[in-house]
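Chains as they are written, first to last, in our numbering: chain A, 160 to 516; chain B, 160 to 516; chain C, 160 to 516; chain D, 160 to 516.
Simulated from the structure, these hints should not be mistaken for laboratory data.
Just so it is clear, the structure is predicted and the values come from calculations on it, not from any experiment.
Heads up, the beta-carbon is just placed ideally off N, CA and C, and yes, glycines get one too.
Check the hints yourself; a few may be wrong.
A few chain B residues that don't get close to chain A, going by computed Cβ distances all over 10 Å [claimed, not checked]:
no. : residue
1   : Glu316
2   : Arg320
3   : Met409
4   : Arg443
5   : Glu481
6   : Ile503
When the alpha-carbon atoms are kept at most 30 Å apart in a straight line, the in silico BS3-like pairs for lysine-lysine are as follows [claimed, not checked]:
no. : chain 1 : residue 1 : chain 2 : residue 2
7   : C       : Lys191    : C       : Lys261
8   : B       : Lys478    : A       : Lys413
9   : B       : Lys216    : D       : Lys464
10  : B       : Lys478    : C       : Lys382
11  : B       : Lys478    : C       : Lys191
12  : C       : Lys382    : D       : Lys468
13  : A       : Lys372    : B       : Lys216
14  : B       : Lys468    : C       : Lys368
15  : A       : Lys495    : D       : Lys464
16  : C       : Lys191    : B       : Lys508
17  : A       : Lys372    : D       : Lys161
18  : A       : Lys395    : B       : Lys413
19  : A       : Lys340    : B       : Lys408
20  : D       : Lys259    : C       : Lys382
21  : A       : Lys372    : D       : Lys259
22  : D       : Lys403    : A       : Lys191
23  : A       : Lys395    : A       : Lys216
There are 4 protein chains.
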Amino acid sequence: MKRIGMLTSGGDCQALNAAMRGVVKSITNAEKDVEIYGFLEGYKGLIYGNFTMLTGKDFSGILTKGGTILGSSRTPFKLIREPDENGLDKVEAMKQNYYKLKLDCLVILGGNGTHKTANLLREEGLNVVTLPKTIDNDLWGTDMTFGFQTAVDIATEAIDRIHTTADSHGRVFIVEVMGHKVGWLTLNAGMASGADIILIPEIPYDIDKIIDKIHERTARGSKFTILAVAEGAISKKDAKLSKKEYKEKMKNYKYPSVSYEIADILREKAGVDVRVTVPGHTQRGGSPCPYDRVFASRLGSEAGKLILKGEYGFMVGIKNREIIKVPLEEVAGKLKSVSADATIVKEAKMLGISFGD
Amino acid sequence: MKRIGMLTSGGDCQALNAAMRGVVKSITNAEKDVEIYGFLEGYKGLIYGNFTMLTGKDFSGILTKGGTILGSSRTPFKLIREPDENGLDKVEAMKQNYYKLKLDCLVILGGNGTHKTANLLREEGLNVVTLPKTIDNDLWGTDMTFGFQTAVDIATEAIDRIHTTADSHGRVFIVEVMGHKVGWLTLNAGMASGADIILIPEIPYDIDKIIDKIHERTARGSKFTILAVAEGAISKKDAKLSKKEYKEKMKNYKYPSVSYEIADILREKAGVDVRVTVPGHTQRGGSPCPYDRVFASRLGSEAGKLILKGEYGFMVGIKNREIIKVPLEEVAGKLKSVSADATIVKEAKMLGISFGD
Amino acid sequence: MKRIGMLTSGGDCQALNAAMRGVVKSITNAEKDVEIYGFLEGYKGLIYGNFTMLTGKDFSGILTKGGTILGSSRTPFKLIREPDENGLDKVEAMKQNYYKLKLDCLVILGGNGTHKTANLLREEGLNVVTLPKTIDNDLWGTDMTFGFQTAVDIATEAIDRIHTTADSHGRVFIVEVMGHKVGWLTLNAGMASGADIILIPEIPYDIDKIIDKIHERTARGSKFTILAVAEGAISKKDAKLSKKEYKEKMKNYKYPSVSYEIADILREKAGVDVRVTVPGHTQRGGSPCPYDRVFASRLGSEAGKLILKGEYGFMVGIKNREIIKVPLEEVAGKLKSVSADATIVKEAKMLGISFGD
Amino acid sequence: MKRIGMLTSGGDCQALNAAMRGVVKSITNAEKDVEIYGFLEGYKGLIYGNFTMLTGKDFSGILTKGGTILGSSRTPFKLIREPDENGLDKVEAMKQNYYKLKLDCLVILGGNGTHKTANLLREEGLNVVTLPKTIDNDLWGTDMTFGFQTAVDIATEAIDRIHTTADSHGRVFIVEVMGHKVGWLTLNAGMASGADIILIPEIPYDIDKIIDKIHERTARGSKFTILAVAEGAISKKDAKLSKKEYKEKMKNYKYPSVSYEIADILREKAGVDVRVTVPGHTQRGGSPCPYDRVFASRLGSEAGKLILKGEYGFMVGIKNREIIKVPLEEVAGKLKSVSADATIVKEAKMLGISFGD
């Protein structure tokens, strides 16, 4: 008999349902007597005891379904440790609900913030197994996170479409790609769509280098230039600011995001016609791509195996094409970024892609 | 022997290449001796004599290709009649190039502005055949314009993706859809994607009706609400402003577009978490959908027939599933909008969709 | 208070769920007190009283879902009037269930066979409203059936893919497209994908004309030829056979379908490398395209309106872009085929497409 | 100054153009003076001196284009060493053309057969660099081949579509997936689409186990069963046959492929309604998916680097997410198959997928 709590936390992404299906199928195929408590809207559901009882049937047919059947919410890590507006100690509340329901373990799907909280719960003595969910692919300890490849597909399709219109009109186009503070998504979508310039947080850009590249292309007869810009892209100048100075700058920031700032500067300094496109939340939505479905299913399957064996305190991840388990304390609080001298960056540069550095 | 000039003008869209391929195939299949002058970047190419000689081969394999192999540019109608910075009379320049090249006719693909200029050239005595290109579907005299259905597909896919993330997070999501001053694109994409609220220019909205609908949904247990908002959507209040008053308002307008204004008001007045997504230029790009490929090919085929018969001064369009010809003077300067009491609007309302009116 | 029976019959197709959602939403938005009896697996469910009670909620979120939540089955019309293996009179059984449940009407979604039975039930005194479902678009009385445009999209994508491989290898490729006894699907998918030869049942082909076209293409330097062949395509020779002679021929027919026969003859007579691809049932599956979603929703909405007004005995269809109602007795038993001298066929021929005639 | 010969051989697949673009971009960005000889239709072009001179421009804009701009052909390895119908020694002919054109090296893109010939040319003293192209992913020495992930996407979409129709009609559906003699493609597409049974060449099946699984599903209330069957799937019985016995069996084999045989047996032994769908060559065609575009670009970039450094005799591949070089003699003639006890197979089994073993 197993009593399993499950929750999805943080920004939603594709293949959350596929991963949960994997966990539940692998467990229910091995053991008849399983109770699944689905906590609603992330940690909130665990804090306030808001859950729904689920059976294997509820996880049937959701392999291809985007979103999460449990709902999700973002609760910043630092707020988790603070009492809520009614003075409730959230961590204690989660522990109490865990013990009250006599859970064997919690299955937690989420990204960086989620993993910090999951590790906290582990430290507090709860049995926890986690799965690496994020379109950003910035989780330490795993080569890949699910959601990422689907988001690459969506961002790539957007840039593909922009390509034909840029080509027809001879414009500079900026497509702003998600990815939080890391450049994986932008780097891959940019390479996949043949972007001419890729700007990522890990490689601060020099606006003059971007202008050089545009002029070089014009000189070579290319009528248009495509920039794939990470939402977290930063100029060399801004990268040198102290935290305080940066905050000061952002206080009066008049742009919706960095792409609009770059567009304005390019218009002024390079005299080009620039358009900005922001696919935004579409990058998190819809059916997961086949890669993510297989990957999330495999992760779910191995998470199920850990639970059946009673091995807790791990995130399941992938390393060299094999599913692995990584101790939660090694994962929590660390970020996996693109290295500025990573081989893939060098390969991209050999193809003629500029990083504005 | 036929000498045909061809140009694509205005914002690019899908199936421009498919339509040109149709024209050229139908003519070259019937007549051996054909010369095609492709003017580059819309009317600009005709004004400045910037063209490339094309053969049937150049139009092979472009049926599925987005954009336009001739390039495009926007030149507002009123500017067409004004001399350029060097004092050149643009209309005269176009006529001179037409006669110098001894063209039999011009094939012009474009939307509303393009048709005004095409009609002007007709009035000036040039032989003109036009094809109705625009994702807005706002051209008078034809049931449909090519590019429209593909744009519906793209906007629908965006809202589909937003649906899963809205569902997971329980938010209000606004997706801003193109369409210039008419609501066809938003209406169709909104109905296709199951949007809860559709705002179009032809039906000015009352923000309180929108809030009512959101609250009604919350009361019924729906955690999220999706708004498909046309880029030209307008509030009842703004719709009542005089042109001068509206201009005054827009002078200090702090929002990138109307969706952001609506979002702000909803946040404040309804206290909901609102996100805005703007698919933007992706709606004009990429490969045309099968519907548009067939439609543009048929239009091209019939345009070719007109040219072979020497019948000029027409736009080819579609009426009741048959390709027709419409005198250019009837088309130019008119707009085809959604009627507020159109049957399709009533049908949408019966499905529970609110138009905020 | 309304008591509505609903069933989907015949081969499944896309947008069945979208259409049912439309009916239910439009009725439940207008009237509180509605009971919906969903009969399972088509007429079978009505015959054997196999149904499930449904509410508005069951139809929420199914707009984009392929298949049918009610299941379907094919029961040939002539068998409907014969007793089943236990001697049950099926028509009487349907009537009894209808009266036993005190239904106000039946909503029936289906194609040609389905409409014959629906009309029979109408003649027997039952209140019936039908919706035109079929990827074949062969229903008389409506310009369009839902499912059709999605099937065009899928078949087109298949031919698009084949195009690149045909081009790389210099082969003749046959793609067999569904469509039962009419050529709408093949004609549209063929035109949309730039097929060189289109064979449809309505225009019997002469194999020598096909060979001529292939040779003509080779002579012009085209390495490959693509044939879009309807599953019901027929040679001029076979078209002249009497029913008996044709039956005799098919008795010893060694090919899985006509495409394989054509391939064999081309290999032998034209000495070319031929490959056959049959997308098959994929053409009926998956999410409906935006066009079909809007169309099916509109049909559903108007069907709901008829029911609310108590107007029965009609199929809802579309004519000149407006949703109409057509008396069932006019629809049943008639086929809408492509006319050999339809304008669209002539347009296709002008583009250089051969119909092998 | 570099003189580079390039050819694509074997069945075409997605991302061939992307890979060639990568090679050419990385070389031309580093070195001005480059001559590229594109041999047409694989080794044939090299044998008969059939080539076209290409520049960087020819490789611009082909990143997303399916097929191969050089054309391809299959020439079985054993035939390469035999003289052609005119007595021409093909290997000598290739060498002579190589030396006559004073090539620095050959860039060869292909699969298993292609690599055997490439290694032969290396043994004969030619400078060769190869890239691993095949939708089968069966090349030894690399974790992945390009084309594979796109083929997974296409096969998965086909099974997804079949899912909705199977669900509606309560049938057993077999989808036959490509993959030659290995099961990678079927395994991944099957897992991605939630197939219930996956049959691959590496795990011979027992038809009774398949029937058990179908019955087990029926007993649990599932109306349908989906089988993803590799084109090379084999029964335990057939797997035990000697080569001679197997040949004898196949001589009178009445089925187009193994799926039809399985379908027939299931119909007879299990009394179920079975349909077969064969997506066939669509699996090789169309635009490469973003994963393949990035991967092929990276391979091309690193192949370019090898050429610039004059390092020959290698295939570029990927290992643990880094691009590597593998000596050609280690690659040629070896097959990378799925191991019957691979972790991914165990994971699939935990999810409830039957392999019929």
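Quick rundown of the hints versus the structure:
Non-interface call for Glu316/B relative to chain A: violated, since the shortest CB-CB distance, roughly 8 Å, does not exceed 10 Å. Against chain A, the non-interface label of Arg320/B is violated: not every CB pair exceeds 10 Å, the least being about 3 Å. Look at Met409/B: its CB is around 17 Å from the nearest CB on chain A, clear of 10 Å, so calling it non-interface holds up. A Cβ of chain A approaches the Cβ of Arg443/B within 10 Å, the least distance being about 5 Å, so the stated non-interface status is violated.
Chain A leaves Glu481/B outside its interface by the beta-carbon criterion, the shortest separation being 30 Å against a cut-off of 10 Å. No Cβ of chain A comes within 10 Å of the Cβ of Ile503/B; the nearest lies about 26 Å off, and the non-interface call holds. For a cut-off of 30 Å, the pair hint linking Lys191/C to Lys261/C stands: about 18 Å separates their Cα positions. Restraint check for Lys478/B and Lys413/A: not satisfied, since their Cα atoms lie roughly 48 Å apart, outside the 30 Å limit.
Distance restraint check for Lys216/B and Lys464/D: the Cα-Cα separation of roughly 36 Å exceeds the 30 Å cut-off, and the hinted pair is therefore not satisfied. This hinted pair does not check out: Lys478/B and Lys382/C have alpha carbons roughly 38 Å apart, beyond 30 Å. Under the criterion of a C-alpha separation no larger than 30 Å, the hint pairing Lys478/B with Lys191/C is inconsistent with the structure, at around 40 Å. With a CA separation close to 38 Å, the supplied pair Lys382/C and Lys468/D exceeds the 30 Å bound.
A hinted pair counts as satisfied when its Cα atoms are at most 30 Å apart, and Lys372/A with Lys216/B does not qualify at roughly 34 Å. For the hint pairing Lys468/B with Lys368/C, the CA-to-CA distance comes to about 28 Å; that is within 30 Å, so the pair holds. A hinted pair counts as satisfied when its Cα atoms are at most 30 Å apart, and Lys495/A with Lys464/D qualifies at roughly 27 Å. Under the criterion of a C-alpha separation no larger than 30 Å, the hint pairing Lys191/C with Lys508/B is consistent with the structure, at around 16 Å.
The hinted pair formed by Lys372/A and Lys161/D meets the criterion: a straight-line CA distance of about 26 Å does not exceed 30 Å. Between the alpha carbons of Lys395/A and Lys413/B the distance comes to roughly 29 Å, so the proposed pair stays at or under 30 Å and holds. Under the criterion of a C-alpha separation no larger than 30 Å, the hint pairing Lys340/A with Lys408/B is inconsistent with the structure, at around 37 Å. Simply put, Lys259/D and Lys382/C have alpha-carbon atoms about 28 Å apart, close enough for the 30 Å limit, and the pair holds.
For the suggested pair Lys372/A and Lys259/D, the alpha carbons sit about 39 Å apart, so the restraint of at most 30 Å is broken. A distance of roughly 48 Å separates the Cα atoms of Lys403/D and Lys191/A; the hinted pair therefore is violated under the 30 Å criterion. Proposed proximity of Lys395/A and Lys216/A is contradicted: the alpha carbons are some 53 Å apart, above 30 Å.
Hint violations for this structure: numbers 1, 2, 4, 8, 9, 10, 11, 12, 13, 19, 21, 22 and 23, all remaining hints satisfied.
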